[in-house]
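*Asks:* Chain by chain, the residues:
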Amino acid sequence: MARIAVQREAFDLAAETRALTAGRVDVGGVASFIGICRADDGLLAMTLEHYPGMTERAIAAIAAEAERRWPLSGCTVIHRYGRLLPGEPIVLVLTASRHRNAALEACAFLIDWLKTRAPFWKSEEFADGTTRWVEARAEDDAATARWGS
Amino acid sequence: MARIAVQREAFDLAAETRALTAGRVDVGGVASFIGICRADDGLLAMTLEHYPGMTERAIAAIAAEAERRWPLSGCTVIHRYGRLLPGEPIVLVLTASRHRNAALEACAFLIDWLKTRAPFWKSEEFADGTTRWVEARAEDDAATARWGS
Amino acid sequence: MRVLYFAWVRQKVGLAEEEVSPPPEVRDVASLMRWLAARSPGHAEAFANPAQIRAAVNQEFAGHAAAVAPGDEVAFFPPVTGG
Amino acid sequence: MRVLYFAWVRQKVGLAEEEVSPPPEVRDVASLMRWLAARSPGHAEAFANPAQIRAAVNQEFAGHAAAVAPGDEVAFFPPVTGG
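Chains as they are written, first to last, in the working numbering: chain A, -7 to 141; chain B, -7 to 141; chain C, 433 to 515; chain D, 433 to 515.
Bound-form chain A, shown alone (with noise of 0.2 Å):
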């Protein structure tokens, strides 16, 4: 059962981390990513909007098929929404495992995911006073779609 958590507050890596492995020996590997908002182009900061209560039902079901496809121990998904600067980060991925490759590959599979089925829209504000939403990539749905549907 996934740890799920959507949320306006920065998370802990470490304590997220030890979460899935405290009082465990049977778990080889943790794996994590973190996504964090770039300045890009002068970007002074990153509005994310989402669905309360969708979003919610959306990631846990994102995690409930990553634990069918992968013999995980644990996962944690924390995606944040509000106002968030630049250096600050957005999402924490974390699989642990008995083996490597499952943690790993799990990991890369949920944030493919996410990016493509995860309620939620960036608004970015820049340095010259212009907002604009955040375009979905077609490179993100060629990389949802690399693990099959």
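None of these hints come from the bench; they were simulated from the model.
One should not assume that every hint holds.
Computed footprint of chain B on chain D; a stretch qualifies when at least three of its residues, placed anywhere within it, have a C-beta under 8 Å from a C-beta of chain B [to be verified]:
(1) 433 to 440
(2) 480 to 493
(3) 504 to 512
Small disclaimer: the values here were computed from a predicted structure and weren't measured.
Virtual Cβ for every residue (Gly too), placed ideally from N, Cα, C.
Could you slot chains B, C and D onto chain A? The hints should help.
*Replies:* Okay, now just chains B, C and D, sitting in the frame of chain A:
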């Protein structure tokens, strides 16, 4: 230039992650993998022996290969040696990049190559008093081979 | 029926959500979009190009042919950009 | 020439390292293993199956055909199991 450490002590995941991203606004993702000692088959402890001097060179060469293959903004490999108990972390690989795929793939590459190209040997102690050297596994060679040479 | 809007769909409509009672012939997502488009200039602009709009019915992603019924929660938004 | 042993090679030889002065005809890793095998029963046991042994010359992995020379640091060990 990667940060390489070969040490007896545990490592600090959060501090190492911060070191890769502090003051930067061009990092879009940080991937990590932590290998952990499992208590399989009644294992009581594992002792890692290594080749001081060569170990650091070999890991630096592996990290340089990762930096040649992927556009990384940072890379950290910390490998422990000495006697470790079940549940204790053995190795940390951290990769940072503008793009998530570069970070995730380089992280998987590094741990695969460390398995077969870093001069470490593991001796296992079991509850029945026996000890044995861990043998190299054909599947680790296959995992290394998938990256080409 | 509760209708929710997100991202630029929300901005163009000018509302985050509204309660609507479409007529019985509105039975799927596509016909609901056409019916909503007539409610205001903002709605019309939001739904001007239905191919750009994604939907969810009762918090599950749904195609434009998916059925909708009184009591459903239906959401409209651009393609998602999570992660 | 400095010779280092690791893991079960070290245990069988009974030494972690030793200084040796092989004769001039010992020019590669394979002939060095044969020459070392004659030094003691422990050495003989360690090198009984050369196919199980990996080597490094001056801290770089080296095949059994790699050259060795006076002044080199040569290490012998089982296949590595890092990570």
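*Asks:* If a hint holds in the structure, say so; if it doesn't, say that too.
*Replies:* These are the hints, each one checked on the structure:
| no. | hint | verdict |
| --- | --- | --- |
| 1 | 433 to 440 | holds (count 4) |
| 2 | 480 to 493 | holds (count 4) |
| 3 | 504 to 512 | holds (count 5) |
Going down the numbered hints, you'll see the structure goes against none, and every one checks out.
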